[in-house]
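Listed in order, the protein sequences are those of chains A and B.
Every letter in the first sequence is one number past the one before it in my numbering, and letter 37, counting from 1, is 115.
Every letter in the second sequence is one number past the one before it in my numbering, and letter 49, counting from 1, is 77.
Note that these hints are calculated values from the structure, not bench results.
Worth double-checking, as some hints may not be accurate.
[Said to hold, decoys possible] A few chain A residues facing chain B, derived, Cβ under 10 Å: (1) M181; (2) R343; (3) A384; (4) A389; (5) D390.
We treat Cβ as the ideally placed atom computed from N, Cα and C, and that holds for glycine.
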Amino acid sequence: MIKCVVWDIDNTLLDGVFLESPGQLPAPDAALLAAARELSERGILHALASRNPPEAARYVQQATGLQFAAAELGWDSKADAVGRIAASLEIAADAIAFVDDDMLERAEVAAALPEVLVLSPEDAAQAPDWPDFSPPVLTDEGRRRGEMYQARLRRQAEAASFGGSREEFLRHAGTRISIAPARLQDIPRLHELSVRTHQLNSGGAALTEDDLRALLSSPAEKVVTVALADDFGDDGLVGGAVIDRNGPGPWLVPVVMMSCRALGRGVLDALLAWICRAAAADGASSLAVPCLVTGRNVPMRLALAAAGLRADPGEVSPDGRAVFSRSLDGPLPRLPPFLSVPGGPA
Amino acid sequence: MSGSAGAVADRLRLILAEVAGRPEFACLPDETALFGSGAGLDSLTGTLLLRRIQREFGVDVAAEDMNLDALETLGTLAAFVAERS
């Protein structure tokens, strides 16, 4: 599934060459603009990679009305530019499409980044009809994804010039994390998170909307959502967890998942701390989180370790899962000051 | 701690100061806990730190240490890396 389209400017998004038309700047290409707008509606991001001065990006943004989550303007290789965009947005190369009218640029990107979907402008105009560009569900968070990345650029710029610890910055930014019981209307977003999250997903399995409906109506299970906002923007629902309350024994948490947009904003640590405390308050003796152990979900394992959970390295299941657990006696992880649990259980 | 683990620890302090954006970590004592109230390592900073260690020392801590116990203190992490690099 494509999450971001990286566009060339000259003779691609614009009907002409920016630097060769100083008197009257070229208009956007109508067919590509229509396709790009349709992709925005589906929550797909746009970025620019162009051999032009930075003014070209400003002009394209103003002429098209599109929001660009990243722009690489300059004269070095397009493959490097696409690589930097992927890294800055934390999007894997196989979720990126690159559109350029120049066959050599397309060949260079395709050779350097074989996972990237490389398209001519003619192909890109048809992209909305392709399954790669058609996310199965479209949530409010999905539609607002472009806006959230803009807020993120402003947040990162401020964080870069802020002295002090990350927690001090989170407080300075007015971070607000809320944990609440999942409602029926949260099901599409929870499904989307289960499909889209990999780095911060303990279970590693997609939850269908039917699975989620069954969990929500089951008395033995509890599903919670995590919402994140700060003074820069509202990220909506960024995570969730499924908790299997198995009587007075251990609390089992089969799913912990978090959007990677929330990485570095204290959300996963807050969720795990809250789960530890809610389990202890519920009288559970211990907490167990089965987690797929892969190279991709290292951030999830770091958060589990930071919350005091450990697994037995000799007890990894054939499908690569280990059960991370901890006792709930003794000191529990601290809840961050900017966490609220409105009407939440425990 | 052997000389080489000491040199690794010095390098790790600088990397940690950089990825956490906390210049004062350049003087972090070896016995400082990395998680929690010590250095307050979170999942983002931890991931960046492990990525840098893999690039600079060729040691994939996350692959060799499922529980990431090596990240208990700066000293334990330096010893883990020094032993394998």
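Hint-by-hint comparison with the structure:
The closest approach between the C-beta of A:M181 and any C-beta of chain B is roughly 34 Å, which is over the 10 Å cut-off, so the hint fails. Because the smallest distance between the Cβ of A:R343 and any Cβ of chain B comes to about 8 Å, under 10 Å, the interface hint for this residue holds. Contact between A:A384 and chain B, as hinted, is supported at the beta carbon level, the nearest pair being about 4 Å apart and thus within 10 Å. Because the smallest distance between the Cβ of A:A389 and any Cβ of chain B comes to about 6 Å, under 10 Å, the interface hint for this residue holds.
With a cut of 10 Å, the hint placing A:D390 at the interface with chain B holds, because the nearest CB-to-CB distance is about 9 Å.
Of the hints listed earlier, the one the structure fails to meet is number 1.
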